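Colleague: Going line by line, the protein sequences match chains U and W.
For the first sequence, our numbering assigns the number 188 to the initial residue and increments by one for each residue that follows.
For the second sequence, our numbering assigns the number 4 to the initial residue and increments by one for each residue that follows.
Careful, some of the hints might be misleading.
Derived list of chain W stretches under chain U, where covered just means 3 residues or more per stretch with a C-beta under 8 Å from a C-beta of chain U [unchecked claim]:
| # | region |
| --- | --- |
| 1 | 181–194 |
| 2 | 350–362 |
Under the rule of at most 20 Å between Cα atoms (straight-line distance), these lysine to aspartate or glutamate pairs were calculated in the DMTMM-like manner [to be verified]:
| # | chain 1 | residue 1 | chain 2 | residue 2 |
| --- | --- | --- | --- | --- |
| 3 | W | Lys128 | U | Asp327 |
| 4 | U | Lys278 | U | Glu262 |
| 5 | U | Lys283 | W | Asp77 |
| 6 | W | Lys128 | W | Asp77 |
| 7 | W | Lys165 | W | Glu101 |
| 8 | U | Lys328 | W | Glu101 |
| 9 | U | Lys408 | U | Glu388 |
No lab work stands behind these hints: they were computed from the structure.
A quick note: this is a predicted structure, and the numbers were derived from the prediction, not measured.
Beta carbons: idealized from backbone N, C-alpha and C, even for Gly.
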Amino acid sequence: MTTDTAISPPRNLSPFAGLMRGTAGPVILVVAVIFAIWYLAAVLLNTPFQEGIYERAGQTDVPISQLITDTLAQERPVLPAPHQVVEEIYKTTVLKKITSKRSLIFHTGITLSSTMLGFVIGTVLGILLAIGIVHSRVLDKSLMPWVISSQTIPILAIAPMIIVVLNAVGISGLLPKAMISTYLSFFPVTVGMVKGLRSPEIIHLDLMHTYSASRAQTFWKLRFPYAVPYLFTSMKIGIAASLVGAIVGELPTGAVAGLGARLLAGSYYGQTVQIWSALIMAALLAGSLVGIVGMIEKLTLKRMGMAR
Amino acid sequence: MTAAPAKPARKSRFDMPAILAWGIVVLVVIGLFSPVFKPDISVMEVPRLAIAASILAIAGVRYELGFMRNWFGDLALGVITAIAATFLLGTIAHHAGEAGLGYWALVAATWASAWLFVERLASWKSATPLFNRLINLAIPALFGITILVLWQAVVTGFAIPKVLLPAPSEIWLRLTSSGSILWADFRQTFMKAVLFGYAAGCASGFLIAILVDRIPFLRRGLLPIGNLVSALPIVGVAPIMVMWFGFDWPSKAAVVIIMTFFPMLVNTVSGLAASDAMQRDLMRTYAAGYWQTLFKLRLPMAMPFIFNALKINSTLALIGAIVAEFFGTPIVGMGFRISTEVGRMNVDMVWAEIAVAALAGSVFYGVVALIERAVTFWHPSIRG
């Protein structure tokens, strides 16, 4: 544990030393290793099937290089190679029209819209609940335990039912999926905001009291500004959770549209490349949504003079 | 932490209990003068409702007059609320779907009196911590019971079709009558997939975290990626795992392992960094080796973080296993049962399954939280 002492003399002066000391170098290396393992695993996992093909074709001694290129170019591999997934994503995003049902952007858009709707409702609900909980002792005592235990209920398990039932009453489209996202995203916001709204110190609250500030004034001038950093932290968790909700919500809709539907259709027809491309797309979407919230956070905190 | 000042509220005219008490009285009056059940049946024709209305009115007026504002009056209010709720549910069972304005007014009055009771309970103060803890348990329990009673009243009162939302009583009936199916599903999903996946996922996350912590290069390289992966919709790997490991529980366990691995990794690594330089220096002055420092100082310091991950994972594991079952299972399992019974419109069975899942999830979480209290007894958040 002596490595993180402040003064560590440079041990070697090679040009890579500086690169490896930050985070960029190690991250790139780890990613490269992951890709290498991925390729290796793809070859190993796809080999049995490929050998079966050779056997049926009567080819006996296939050179190993041939085997490797073949395993990485199967149509329905057990594990598709990264370049196959990238190719599929390229084919279904750039080469297809956005309005086409085979375009991945079309499906991503549908998932994104229900994610956003659910996230917005969930955030508003979470903030309102937190305000209620902070201002009422009874709500704090009666509601807070339920808010926490609500998350031990595997809501994703009810997702199909909510959707099917709401469809039966004639409510279809975005709202049912958004409700699941709402359920998943209100919780982090509520918990974070309760913590944030209570974070002003008693001295500050007393100061507001000496100013004879009303509850509303105390809220807007002291509690809310204090809670903003907490709000953004929980919004980052909330938006990732609401994407999960939207994807799972799409599973039971009969595989019509959306990233979840792509996953389900892919698993029905054994289209592994399609599953993986939907998965990577979902990951990209999650990453960029969290990134966008993070950027808004930075801008807002800077403007409020709270940036660290 | 309860910095929210309660004093100004009492000084101002905005007094929640008083409003509630007035609400009870007004609602009972509305209930008296409008039909309770559809073809023009008034309160006086239904003896049980008449009793409920009168005792509610007495309770409301009693509070307004300030008579017996002590624990006895509060307890009497609780008993009155319970009696009124029983009568309301008992009468609606014979008049499903015929509830009129008067009935809903009485339901609202009962709700208000339950709220008033909780308001009173929350203001009770006692020197004994055991009593305070009991109160803190009773308040959320009362809240839950209130929700169940309202649910039952609304579903039977409006005669909501069972397909849409079954009443709690129907769910309870299903829970008790098909216990063997539920138990088989629970065993398949929880005892096999969830527990195995949870144990394997948490253990591997923990071990890799120790390794990552030992090698600073890996920490800098793996941690940002671990943080990123924690935000990703990992449930999506479920179809792939089902394809690789087959329909039975190992594929579900694999999903659970992947879902629980990263929270454990990230939390343990940041927990291992929790001990400060002063403490580590102390260990060095004792001439403690790496492993001694790890076991005597850094792992105990990391425990709050590790338990945080264990708690997060306890809910993630159940979700992962159930969702993975949507992609293919043998004919047993909670996720399987939910998706097939939805298709057959047996919604009460689905709700029974959800109740089991919720109970299992809560108990699982509770057990982890209890172990946490025992292990991290020294932490400020536990000492209070």
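Colleague: Can you confirm whether the C-alpha distance between Lys283 (chain U) and Asp77 (chain W) stays at or below 20 Å?
Modeller: Distance of about 69 Å is beyond 20 Å: violated.
Colleague: When I compare C-beta atoms, does the region 181–194 of chain W have three or more residues closer than 8 Å to chain U?
Modeller: violated (count 0)
Colleague: Has the given pair, Lys165 (chain W) with Glu101 (chain W), been kept, meaning a C-alpha gap of at most 20 Å?
Modeller: 16 Å, holds
Colleague: Mind checking the alpha carbons of Lys128 (chain W) and Asp327 (chain U) for me, to see if they're no more than 20 Å apart?
Modeller: 16 Å, holds
Colleague: Has the given pair, Lys328 (chain U) with Glu101 (chain W), been kept, meaning a C-alpha gap of at most 20 Å?
Modeller: 35 Å, violated
Colleague: Under 8 Å between beta-carbons, do enough residues of the region 350–362 of chain W, three at least, approach chain U for the coverage claim to hold?
Modeller: holds (count 6)
Colleague: Does Glu262 (chain U) sit within 20 Å of Lys278 (chain U), going by the straight-line distance between their CA atoms?
Modeller: Judged against 20 Å, a Cα distance of about 15 Å means the pair holds.
Colleague: Are Lys408 (chain U) and Glu388 (chain U) close enough, with their CA atoms no more than 20 Å apart?
Modeller: At roughly 14 Å apart (the allowed maximum being 20 Å), Glu388 (chain U) and Lys408 (chain U) satisfy the hint.
Colleague: Just to be careful, I want the Cα atoms of Lys128 (chain W) and Asp77 (chain W) compared with a cutoff of 20 Å; is the pair within it?
Modeller: 13 Å, holds
Going through the hint list in order, the structure does not satisfy hints 1, 5, 8.
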